[in-house]
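We have chain G already, so just place chain S on it with the hints.
Those protein sequence lines, which keep their order, are chains G and S. The opening position of the first sequence corresponds to residue 1 in the working numbering, with each subsequent residue numbered one higher. The opening position of the second sequence corresponds to residue 387 in the working numbering, with each subsequent residue numbered one higher.
These are computed hints drawn from the structure, not numbers from a lab. Note that CB positions come from ideal geometry on N, CA and C, so glycine has one too. Some clues are possibly wrong.
Derived lysine to aspartate or glutamate pairs resembling EDC-like cross-links, with alpha carbons at most 20 Å apart [what the hints assert, rightly or not]: (1) G/Lys42 <-> G/Asp26; (2) G/Lys379 <-> G/Glu283; (3) G/Lys376 <-> S/Glu565; (4) G/Lys344 <-> G/Asp26; (5) S/Lys604 <-> S/Asp459; (6) G/Lys42 <-> S/Asp499; (7) G/Lys379 <-> S/Asp578; (8) G/Lys376 <-> S/Glu587; (9) G/Lys42 <-> S/Asp417; (10) G/Lys42 <-> S/Glu520; (11) S/Lys619 <-> G/Asp277; (12) G/Lys344 <-> S/Glu520; (13) G/Lys298 <-> G/Glu275; (14) S/Lys545 <-> S/Asp556; (15) S/Lys545 <-> S/Glu520; (16) G/Lys42 <-> S/Asp521; (17) G/Lys376 <-> S/Asp558; (18) S/Lys619 <-> S/Glu587; (19) G/Lys42 <-> G/Asp139; (20) G/Lys376 <-> S/Asp585; (21) G/Lys379 <-> S/Glu587.
Where chain G lies over chain S, by a calculated footprint (3+ residues, C-beta under 8 Å) [what the hints assert, rightly or not]: (22) 400–406; (23) 493–502; (24) 519–528; (25) 574–587; (26) 632–640.
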Amino acid sequence: MSPPVIGNEPTFLDKLQRKRDGRNVDPALGVLSGEGAQQRVKDPEDPHPERRPMPTLPSQLATERETAPSYYGLPAVKEPVWIWSVPTYLYVGGAAGAASLLGFMADVAGGPELERLGRRGRWVGTVGDVLSSGLLIHDLGRPSRFLNMLRVFRPTSPMSIGSWVLATSGGLNTLGLLLGQRRGWPGVVGRCATAGAGVLGMPLAGYTAVLLCNSAIPVWQATHRTLPLFFMSSATAAAGSLLSLLPHGPAEARVLRPYRLAGKVAELVMGVAVERDAARVPEVARPLHEGFSGTLWKTSRVCSAAGLVLDVLPGRARWKQVAADVLTTAGALAARFAIFHAGKASARNPQATFQGQRQGLGAAEVAGNTVASDGKPLKFPLPVLR
Amino acid sequence: MGQKGFFTDTTLCIGCKACEVACKQWNQLPDDGFHFTGMSYDNTGALGSATWRHVAFVERPVPLQGQTTGVGDFSWLMMSDVCKHCQHAGCLEACPTGAIIRTEFDTVYVQPDVCNGCGYCVVACPFGVISRREDDGRAWKCTLCYDRLGEGMTPACAKACPTESIVFGDLDELHARAENRIRALHERGVTDAYLYGKDAENQPGTGGLNAFFLLLDKPEVYGLPPDPVVPTKKAGRTWGAVALGALGMAAVALGSVLLGREARP
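Only chain S is shown next, with the shape it has when bound in the complex:
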């Protein structure tokens, strides 16, 4: 038990996509077609209902700290993206059926036998992770290998990662490990390295991510939002506006009825 999560260190990622393949195989997910996107080595595109791990390849004619190439200004960034299992999860808070639950491992899990495919989690996720498969009609996302965790095993992607870019474990240990890694990188001169979504202090909008990342460039470069917020945090003000509107509606309705009565010839 305890809080489990992933620490994905993108400086160690070599873009082998073993995590993508292991995830598809273990979870027996259908393929998404074999097609060429033209986006560097990334022919997966984005996370989706049948893609629970996605390796992003950022290929740019821009120099980066700690990278030396023989071809002048050029750099690689690779990052294995996954559901973040947020502390305040937008999908979970939006789910009207109770299909999305928080497990004993502090992960976020969609129960396929309860989901009725309303599609509200899809718009509630600030990271664009969960999605509804149209031919299936339900919403799907990474389960953090709930079935494997129950047996005391490591999730398929972390098990398959050959460079330990994806590390699975208790959140406390992962935090300590990540801090050590950042310190080592900064000492080595890679001062741009930072942790994305480690805790509530780092990312107040989500209260921290159970699957957090070590990144080298702005979050946008990897397709991640720079200041994500769980939509529910703003709901109070919106309901306030509804209360104001209700007062107005009642006043207009009552006023019209009284006016209409008085105007009787």
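Bound conformation, chain G alone:
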């Protein structure tokens, strides 16, 4: 039998006081009209799961406190509340964007024999955009209010920019698919829409990295110069592999092979760059090496590398090509989940926030300040002069 968990079982006091909604206001006597009165409580019996009992006495944490102080080891920033659909979207949206771009390029420069590749790119782009919207709406706390995303345009918010990019790209891709083959002016509109979706495919593949980097999560913020390049190269590799897995002819294969290989090589190189970027502060890079996110990251690196090796090996067997593409897809998907979970682990570790900022990854990186908010030099303990 497992030992009882202290702090999670409702006590007698809990049951007595939390009968209604955790507010203990009798509706017959009091009116709920405060600023927080609308906050819905579904299950008053279930305590809000934010706290764990301390493992040791406060006084026994003293030694650790002097070298690496924190408030009882509690996180300094909040953990992302996003669920599995967000990292899945990071993959789907990226692949859709890159496929739209390749489709557009095939239309512009490919001539009649690549017409099928252009159409295929538009199809993958359209389906990806629709799927992406679904995944994102599923993650919202209030899914019925998803249209509020298009209520304003806020250039400081990558999520606002991304919502507009995704909505526009989805609309244009659909328009291109419906009208692209027509004659006369509808065809012109359709081809313009395809061009627009193709161009928007690039920010669609890259903005998701800005979305993650533009946060207080140490490992995401620390990789803000390299993560976009990693996501975009990974999106290229993923789209190339996905289009290769779908049935295609020899003309398309000649285009897809260099496209896919360039993406795979860039993905491997940029993955190393992301690791190096995070490794400026070991505590920040930790979730890329340890725990669940570390395992995922290693898996994704191995899958991507294997996908590239298998692809360049001589031989034209179909199974070899399929295995390479499946491995690359798995690698790209695992990479998004690894980055996502690394962010969660990083947020839970207060030392990632504190040591990152003490070693110059906070405001000092952009504002150039040499003192912390306590008016003392950023780094401590101060150097001892002998």
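Chain S only, in chain G's frame:
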């Protein structure tokens, strides 16, 4: 009108939690369970969707300036934490729906009827203040008692504070008051006392906090970041990387199509 804010002087805090209770009561926030954490007298834990004031208790076998105890090396630090209402607010700049606004009092306010619970403000806050309640689906934080300010009243926490550790008022007056207090403390020998987040000079990453603090030890000891930065300040470089990546993606796509055409047998 004018810029309103809080000056929280932690040297005056006695840890009575009247601010926590007043906040919960006035704003009619649900409780977060009655549980024992083992962290000194702090059974609240952290700021959250239903906890807009949180009193931190730092209990250590470490001596501190200005504190004499009868039990040798021992010291107390207490601090009532709250949303900082930053001049450059991470949550506000990240909000894609326009639910988070800056009010006429220069405070940061979440409109619950607009918020769709995307959760982006939660990761954008450098102080880990705002959070999404899972059973409600929306993000919540301190409103600096927007409803009370509209009526010309003092926010509930400041009104309830018995030692004037939490002072509410115009930012200019609060700054003057804080400077006087620091001077008095330094004269008395408590030279470690400093102001956290008073203005942009003191905290360039946030441009200063409307709710700033007087602290005695490193910010980390209270769970505060030592050099916080609003993430948006680094967005320029990240978008630059996206532009570079876009060039690369376009070149690879165009190059592959041209290569594939030329390789025609």
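Hint check results:
For the given pair, G/Lys42 sits about 17 Å from G/Asp26 by alpha-carbon distance, which is consistent with the 20 Å threshold. Annotation: proposed proximity of G/Lys379 to G/Glu283 holds, straight-line Cα distance about 15 Å (limit 20 Å). The hinted pair formed by G/Lys376 and S/Glu565 meets the criterion: a straight-line CA distance of about 18 Å does not exceed 20 Å. Under the criterion of a C-alpha separation no larger than 20 Å, the hint pairing G/Lys344 with G/Asp26 is inconsistent with the structure, at around 39 Å.
At roughly 18 Å between alpha-carbon atoms, S/Lys604 and S/Asp459 fall within 20 Å of each other, so this suggested pair holds. The suggested pairing of G/Lys42 with S/Asp499 holds, with an alpha-carbon distance near 18 Å, which does not exceed 20 Å. Proximity of G/Lys379 to S/Asp578 is assessed by CA-CA distance (about 17 Å); at most 20 Å being required, the pair is judged to hold. With a C-alpha separation of about 13 Å, the suggested pair G/Lys376 and S/Glu587 falls inside the 20 Å cut-off, and the hint holds.
A distance of roughly 13 Å separates the Cα atoms of G/Lys42 and S/Asp417; the hinted pair therefore holds under the 20 Å criterion. Simply put, G/Lys42 and S/Glu520 have alpha-carbon atoms about 9 Å apart, close enough for the 20 Å limit, and the pair holds. At roughly 18 Å between alpha-carbon atoms, S/Lys619 and G/Asp277 fall within 20 Å of each other, so this suggested pair holds. Distance check on the hinted pair: G/Lys344 and S/Glu520 sit about 17 Å apart at the alpha-carbon level, within 20 Å; holds.
Taken as a hint, the G/Lys298 and G/Glu275 pair is honoured in the structure, with Cα atoms around 11 Å apart against an allowance of 20 Å. Between S/Lys545 and S/Asp556, the direct Cα distance comes to roughly 15 Å. Compliance with the 20 Å bound is thereby established for this hinted pair. Distance check on the hinted pair: S/Lys545 and S/Glu520 sit about 31 Å apart at the alpha-carbon level, beyond 20 Å; violated. Taking the CA atoms of G/Lys42 and S/Asp521, the gap is about 6 Å. The hint holds against a cut of 20 Å.
A threshold of 20 Å between alpha carbons decides the hint, and for G/Lys376 with S/Asp558 the separation of about 24 Å lies outside it, so the pair is violated. Note on S/Lys619 and S/Glu587: the hinted pairing holds, with a Cα-Cα distance of about 16 Å set against a maximum of 20 Å. With a CA separation close to 18 Å, the supplied pair G/Lys42 and G/Asp139 stays within the 20 Å bound. Among the hinted pairs, G/Lys376 with S/Asp585 is consistent with the structure: their alpha-carbon atoms are about 16 Å apart, no more than 20 Å.
Among the hinted pairs, G/Lys379 with S/Glu587 is consistent with the structure: their alpha-carbon atoms are about 19 Å apart, no more than 20 Å. Judged by the Cβ-Cβ criterion of 8 Å, the stretch 400–406 of chain S is not covered by chain G as claimed, because only 0 of its residues qualify and three are needed. Counting residues of the stretch 493–502 of chain S whose CB lies closer than 8 Å to any CB of chain G gives 4, so the stated coverage by that chain holds, three being the minimum. Residue count for the stretch 519–528 of chain S with a Cβ under 8 Å from a Cβ of chain G: 8. That meets the three needed, and the coverage hint holds.
A count of 3 residues in the stretch 574–587 of chain S with a Cβ less than 8 Å from any Cβ of chain G is obtained; the coverage claim is therefore met, three being the minimum. Only when three residues or more bring their CB closer than 8 Å to a CB of chain G does the claim for the stretch 632–640 of chain S stand; here the count is 7, and the claim holds.
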